[in-house]
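Line by line, the protein sequences give chains U and S. When the letters of the first sequence are read in order and numbered with this note's numbering, they come out as residues 1 to 198. When the letters of the second sequence are read in order and numbered with this note's numbering, they come out as residues 1001 to 1094.
Hints are all accurate, no fakes.
Below, a list of computed lysine-lysine pairs in the DSBU-like style, where the Cα atoms sit at most 35 Å apart: (1) U:K102 to S:K1063; (2) S:K1063 to U:K11; (3) U:K11 to U:K168; (4) U:K161 to S:K1012; (5) U:K78 to U:K159; (6) U:K159 to S:K1016; (7) U:K81 to S:K1063; (8) S:K1016 to U:K81; (9) S:K1063 to U:K82; (10) U:K168 to S:K1012; (11) S:K1063 to U:K161; (12) S:K1016 to U:K82; (13) U:K168 to S:K1063; (14) S:K1012 to U:K159; (15) U:K78 to S:K1016.
Treat the hints as calculated values from the structure; they're not laboratory data.
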Amino acid sequence: MEVHRDDDASKLGMWLFIFTELLLFGGLFLVYTVFRAKYPSNFHEGSLELSVSIGALNTIVLLISSMTIAMALTAMQKDKKKLAMQLIAFTLFMATVFLFNKVIEWSTKFEHGLYPGSPLMPHLERGDLMFFSLYFFMTGLHALHILVGMVLLTIVFFKIKSGSIHSKRYVNLENGALYWHLVDLIWIFLFPMMYLIT
Amino acid sequence: MANNTTHTTEYKVLAKVLLVLMFLTFLTISVTSFHLGAFSVTVALLIAGVKGFLVLTYFMHLKYESTLLRILVAMIFVLYAVIILITFIDYAFR
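Isolated chain S (complex conformation) (with noise of 0.2 Å):
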């Protein structure tokens, strides 16, 4: 029988993901206040990446999943980066 999925994520973990997860939104929004221009943007998306891989790695419980699950989320993101890296050499090029 293949019902594999036997990790159980702790209600503690998951609180303290949450912690962290509050305390980033804090602090983009804080920096993003300054309005430092091309650094606010910088920080934001990374801050942005941060959050986003802490859902993904335990909300959406990828810490725990097999290798070949994990290698294609990362290669979804691959792709997305290279779409954007050829929309923006074409956009400047034109």
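Okay, chain U solo, but in the shape it has when bound (with noise of 0.2 Å):
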């Protein structure tokens, strides 16, 4: 007897918890929006303070692992087990860049004494604060989401190696991909919000 299952129901209720999170970050976008056009001169010499290029990589970066995670998932429909844990471990790999690069990028303003809390925050323009808090805060928390993503897709590399996941059951890997897809399209607009409208 077959136990009872939904992958359709599962996938829509993946898609609601990303409706959540979506108006999470947009509720963010507007609080920066907001303060932008409030202290427009500080947001202005604050992006500039921010490496272009380090966040152009990390940009390519996801976009790349967002493909690799969506190749994993073509890649088990295919029933190619070894190919979508390939791709899969290739998309952790391209996560720990993605981290390495934040915390190369990080370091170098915690050197400056710019970090949440730091005796230096304080004294800044209320205009500047704004903008490193929300710098660190929206940047903070898409990292968390990155490792979070490269849990739930660990997960799924062990289920497809034990074999719970299959060629005709995989909308666990279907479900942490739509996770990780969220994470890229998220930075899609983190990135010139952030680092390039200056």
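If you follow the hints, you should be able to join the two separate chains into one complex; please do so.
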């Protein structure tokens, strides 16, 4: 007897969760936009402080990882178990590269005394304080999502290895991939807002 | 049995989408490097919108999902647009 399952319902559930995530970051984008309108010159100076090259590199890294996880699903659907696992492993590697760049980027800010709760922060102008607080909060929350995505994809990796995800049943891989695309989607908007629009 | 997801996106299609996304990334960086003020803001957000659309349509397979799900996703963006509009009306007439 087959256990009852409804893949469409699990995917719909994942999408409902993604909606809450979109509105969470959407709210933060809105806060950013309002304060940007209020302190245009501080936000202009602030975004000039950020490294466009590291931001651009991380954009490329996330875009590639988004493609490889989508390919992992294709591979699973075609019953290419080994290829699917390799593609997930590569996605996890790209996620590590992203976080590594983030650490480099943040540590230069830390060296300048800019980090949440630093002695320097309260002495900044109100607009600068808003910019860097939002910068750390939004990229920090995004980096947290990268970590969660890595955990989810690792679980999926071992589920494929053990055979509980297979070519006839891959909704867990599909939902894990959806989460990873969400992380990419958020960065697509975060990158121009933080680094490009000066 | 309700295992209805049967569409498989070919590797080639995914690779092409990545190429377009990369091109748009380079485009948005080069356009905003000219510092054209409000123009670069509009262009950057427009390009981000196109990139987001591509990710949702191809990587997240919305192209092949049920009409219900596609309408739900569209409504979230409509809802968000309404939230932005109301916030800025409030902000402008305070």
